[in-house]
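In order, the protein sequence lines correspond to chains Z and X.
Heads up, the final residue of the first sequence is numbered 394 in my numbering, and it's a clean run with no missing numbers.
Heads up, the final residue of the second sequence is numbered 603 in my numbering, and it's a clean run with no missing numbers.
Calculated directly from the structure, the hints in this document are not laboratory data.
A portion of the hints provided could be inaccurate.
[What the hints assert, rightly or not] Calculated lysine-lysine pairs in the DSS-like style (CA-CA distance at most 30 Å, straight line):
no. : chain 1 : residue 1 : chain 2 : residue 2
1   : X       : LYS154    : X       : LYS172
2   : Z       : LYS97     : X       : LYS154
3   : Z       : LYS19     : Z       : LYS104
4   : Z       : LYS23     : X       : LYS154
Quick caveat: nothing in here was measured; it's all calculated off a predicted structure.
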Amino acid sequence: MANPATLRKSDKDIPKIAQKICDDMLKDLEHAKRPILEAVKCSLDNSLYDSKVGYLTPGKKMVATELNVSSVQKMARTVFFLDILLNNIKTGAVNTKRELYYMAKGFVKSDPHYKPLDFDDQNESDAIIQFICDMLTVYREEMNCFANDRGGQTYSKQLVVTEHLPDGTRAEVDLGSLGTTPFQPKNKPQVFKLKSKGKIDFCLVIESEGTANTLVSNGFTKRHKCIMVGAQGVPSNGVRGWVRTIQDQLKIPCYFYGDLDAYTLQNIYRTLKAGSAASLIRNSEFSAPEVKFLGVLPEDVKKYDLHCYPVSEKNPADARSLKKARDVLQNDPFFQDKRNKKLADILNWLLKNKVRCEQQSIFSVNPKDPTMPEKIIVEKIKHGSFV
Amino acid sequence: MASKITQHSTAEYFAKNLQQVGFSSPVKAVLTTLKESVDNSLDACEEAGILPELEVVVRRLGNGSAKNTELVEVIVDDNGPGIDADDLASVFGEYLSSSKFGRGRCSRGQQGIGISAATTWAQLTNAAGVKVTSKTKAMRKAVKAQIDVDIKANKGLVKNKETIDWDRPHGTRVQFCIDGRVQLNGDGGILTYLEGTTLVNPHLTLKYKLLDNEAVEVKRVSDAVPEVPPPTLPHPHTMKLGEFMTHAHLFGKVTLDNFLRKGFSRVADEAIKGFVQHGMPKSFLHKALTTVSEAEFKTAFQAIQSTELQNPSTRSVMIVGEEALSKSIQRLGEVDFFSVVARKPRICDFKPVAVEVAIARFIKKPNLSDEAEQIQLLRFANRVPLQFDKAACAITQAVESVNWRAYGLQQSKDSLPLGPYVFAISVVSPFIKFKNASKETIDASDELVEEIRRALMQAGQKLSRHIKREVRAADLERKLQHIEKFGPILVEALGKIVNAPKARVKRAEDGLAKLLGRDSRDAEKELAEAETQLEKVKAKQKGTSSDDGEGGGEEVAIEAASASDEAPIGADERRGQLEMEFKVEEPEEV
Numbered sequence: 008m009a010n011p012a013t014l015r016k017s018d019k020d021i022p023k024i025a026q027k028i029c030d031d032m033l034k035d036l037e038h039a040k041r042p043i044l045e046a047v048k049c050s051l052d053n054s055l056y057d058s059k060v061g062y063l064t065p066g067k068k069m070v071a072t073e074l075n076v077s078s079v080q081k082m083a084r085t086v087f088f089l090d091i092l093l094n095n096i097k098t099g100a101v102n103t104k105r106e107l108y109y110m111a112k113g114f115v116k117s118d119p120h121y122k123p124l125d126f127d128d129q130n131e132s133d134a135i136i137q138f139i140c141d142m143l144t145v146y147r148e149e150m151n152c153f154a155n156d157r158g159g160q161t162y163s164k165q166l167v168v169t170e171h172l173p174d175g176t177r178a179e180v181d182l183g184s185l186g187t188t189p190f191q192p193k194n195k196p197q198v199f200k201l202k203s204k205g206k207i208d209f210c211l212v213i214e215s216e217g218t219a220n221t222l223v224s225n226g227f228t229k230r231h232k233c234i235m236v237g238a239q240g241v242p243s244n245g246v247r248g249w250v251r252t253i254q255d256q257l258k259i260p261c262y263f264y265g266d267l268d269a270y271t272l273q274n275i276y277r278t279l280k281a282g283s284a285a286s287l288i289r290n291s292e293f294s295a296p297e298v299k300f301l302g303v304l305p306e307d308v309k310k311y312d313l314h315c316y317p318v319s320e321k322n323p324a325d326a327r328s329l330k331k332a333r334d335v336l337q338n339d340p341f342f343q344d345k346r347n348k349k350l351a352d353i354l355n356w357l358l359k360n361k362v363r364c365e366q367q368s369i370f371s372v373n374p375k376d377p378t379m380p381e382k383i384i385v386e387k388i389k390h391g392s393f394v
Numbered sequence: 014m015a016s017k018i019t020q021h022s023t024a025e026y027f028a029k030n031l032q033q034v035g036f037s038s039p040v041k042a043v044l045t046t047l048k049e050s051v052d053n054s055l056d057a058c059e060e061a062g063i064l065p066e067l068e069v070v071v072r073r074l075g076n077g078s079a080k081n082t083e084l085v086e087v088i089v090d091d092n093g094p095g096i097d098a099d100d101l102a103s104v105f106g107e108y109l110s111s112s113k114f115g116r117g118r119c120s121r122g123q124q125g126i127g128i129s130a131a132t133t134w135a136q137l138t139n140a141a142g143v144k145v146t147s148k149t150k151a152m153r154k155a156v157k158a159q160i161d162v163d164i165k166a167n168k169g170l171v172k173n174k175e176t177i178d179w180d181r182p183h184g185t186r187v188q189f190c191i192d193g194r195v196q197l198n199g200d201g202g203i204l205t206y207l208e209g210t211t212l213v214n215p216h217l218t219l220k221y222k223l224l225d226n227e228a229v230e231v232k233r234v235s236d237a238v239p240e241v242p243p244p245t246l247p248h249p250h251t252m253k254l255g256e257f258m259t260h261a262h263l264f265g266k267v268t269l270d271n272f273l274r275k276g277f278s279r280v281a282d283e284a285i286k287g288f289v290q291h292g293m294p295k296s297f298l299h300k301a302l303t304t305v306s307e308a309e310f311k312t313a314f315q316a317i318q319s320t321e322l323q324n325p326s327t328r329s330v331m332i333v334g335e336e337a338l339s340k341s342i343q344r345l346g347e348v349d350f351f352s353v354v355a356r357k358p359r360i361c362d363f364k365p366v367a368v369e370v371a372i373a374r375f376i377k378k379p380n381l382s383d384e385a386e387q388i389q390l391l392r393f394a395n396r397v398p399l400q401f402d403k404a405a406c407a408i409t410q411a412v413e414s415v416n417w418r419a420y421g422l423q424q425s426k427d428s429l430p431l432g433p434y435v436f437a438i439s440v441v442s443p444f445i446k447f448k449n450a451s452k453e454t455i456d457a458s459d460e461l462v463e464e465i466r467r468a469l470m471q472a473g474q475k476l477s478r479h480i481k482r483e484v485r486a487a488d489l490e491r492k493l494q495h496i497e498k499f500g501p502i503l504v505e506a507l508g509k510i511v512n513a514p515k516a517r518v519k520r521a522e523d524g525l526a527k528l529l530g531r532d533s534r535d536a537e538k539e540l541a542e543a544e545t546q547l548e549k550v551k552a553k554q555k556g557t558s559s560d561d562g563e564g565g566g567e568e569v570a571i572e573a574a575s576a577s578d579e580a581p582i583g584a585d586e587r588r589g590q591l592e593m594e595f596k597v598e599e600p601e602e603v
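Kindly generate the complete structure, drawing on both the sequences and the hints.
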């Protein structure tokens, strides 16, 4: 019987590490010494980027939480939740963060003396789960906690996905047999084994799930040997891991196509390519460093005469986005890296021209021909018009 | 066919348009009548240097002549200088007959419309004007008469005049019987008006009996009659060309040079030189005013407007003062906290203006809003409460423009803050620009709103120090509770994960108690130290100040509270930093 595929090769014995931390805390308390919990600082100012590595990695900064009147609540909640999670690992049960929030509520209900620990809303319990992961430097998934599947709807005529299930059986999905129905990768995509029926030329990640679906309906995947993925906004861990799996297992070029604006570049494309500052310890598995930015590029705006919207300092939302673009140019190690100079140039272009252009604007080019957007995208890939 | 053009008297105009001067509804009619009478009494007392003692009676006599109205009697009795028998007719029965019109003084009344309008209202609704009893020091007996307005001629008519014995050396008593309706509380209420008047007149002793309620006496808290500063000459930049020319006619045959120097403030050699530089021909200066043509007036006026002049003097502005306000505010109810700010007079729109602000939180005060309702805003212009048309007023706009959340109060965007507070804001100026003749709102110029805003922010800072201290005490309480709640759970959960024996858990519990006990003891100590420091400063202030009423003490307490704030900051900041570090984690996107 084949073992189920795991997320990553890790020799971490999570229950053992957790017990060691708790034991140390208890020892400190016995000696009337303040226990300190240390976790990796997951923020932009502790993010490092090396283009050879390809994703954001944590620096040396740690967040230390010492026991005192202000932190006693958080420490008690951390240890309480750690107990729940360790129990899940022991029994093999998996849960979403929302479910864990309700489980915590259930424990509080069953034992009145836990009442002070009760969580008022999910944000509070999420923060504790995140803290535990940062403290143990493990993935949330390794604590048997999974997010809802979101985004990543995939279409292809050639791709076949195989999953080894815990009961030893095998599930195989031939995407070519699904028609225009997408395949939805789960939030643990690394467990899939991918193979292709014939050669696949490229993988195209589209920011808007709707546009991806339109292209497929109009026959994009019939005419081109490719994989089409809808990102559905900021890519979730699942989408990031899935594109990474495609990139690593199939070794095909991957492209991202989305809006030409600061938000897409920083929050969507950068997160897909190099991960996020909030999940520094897991970017190695949840980012796809080889993805190229296909557009919309400033040169496309000119070449295809695409419609742009003005971005005004007077509009609060626009002003925030402009401010963020300036901040990012100054502080984000990803955009400061020499290899990504062309991406930084696009941000500078956006700041200078104060416009934004949506991905759907290519539908304005020769609207009588429904395959025009497809032609533009393929032409761009063919002529190397990407960054 | 052209219609016939007729002439009407001022009285006729006002008799037809009483709504413009505050008689637009039965409720307002009663309030305006009372207000005009009280204003006149207070102004007269101040002029004569007398400490005012007023007695106000408002009662219902039956149904009014108009539908849905009551017949209301308003009596105001003062110890002022009294009015000569010969002047009674013009004071109460003639419009625009005033001793104060356009003089540039900070008196309550300005134009001589209000009291005549009240007489007209009485006459129109009850067929009898005002009944006046008055006695000056020089009179052996008091004179009593009914004054009506001859509306066609704008003249006062004296009726039923008699002389009587009166039990006082001087004073005036007016009695109006009018159609109206009595409202005591709320923005337009009589009680609100009387409270406001007492607040900004610390030297006033006021007795009042309203309807069937018990009589109330509010004693004065200051024995100083406010000195009304002498009037100032107008500043040339506040005038329009027409006014400038009219002003010139008052001076007769003098030269233009002489007129400019004597008729205006801030015009001397330097200014005259400036006028010439800015295009006023030198020859004009020596011309007699009577020979100056309209075109020449215009040239001169234009030169004056383009010359930079010193700002007008602020000496003509009077203020109530922080100390007097502090004492006065405590007459309104039991005060828990207050802060008072009296700004120095400033120039706004070329006119001297003084702004004073008092913010108080009351423990006990009838009809005061609770936490969820807006604060009670008392507005004053030249020490007269403004009670209607709140939204358009410069004062309201200034209050709404301040971000009170920064000072610890709740507030929705661009509206009045919430809570059981009274905000009293007084604007004093010899030239207040009202939006209407009934003097209900101050015109909101940018400069004036900004000046009021600054005063409010100063008061807000004092308030915020106090609120912060309260919050800190509550915070400590919360933290101490935290220890009791979370400590045992933490140890228990740790013991469970490690599978520790009971003895070990017990040792850890003891250790935790020691640790957290240390923390709470430290925090309590810090708070106690702050309290002692506060007491010390209070005691010290009491020792040094001989004239230290309750108000002075409270004022010191506010400042002292802020000084003692410094003590616990070190520890709190440390905690704050740790908490900050806790919060740096970015939220997960998924």
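Honestly, which of those hints from before does the structure not fit? The structure conflicts with hints 2 and 4, although it agrees with all the remaining ones.
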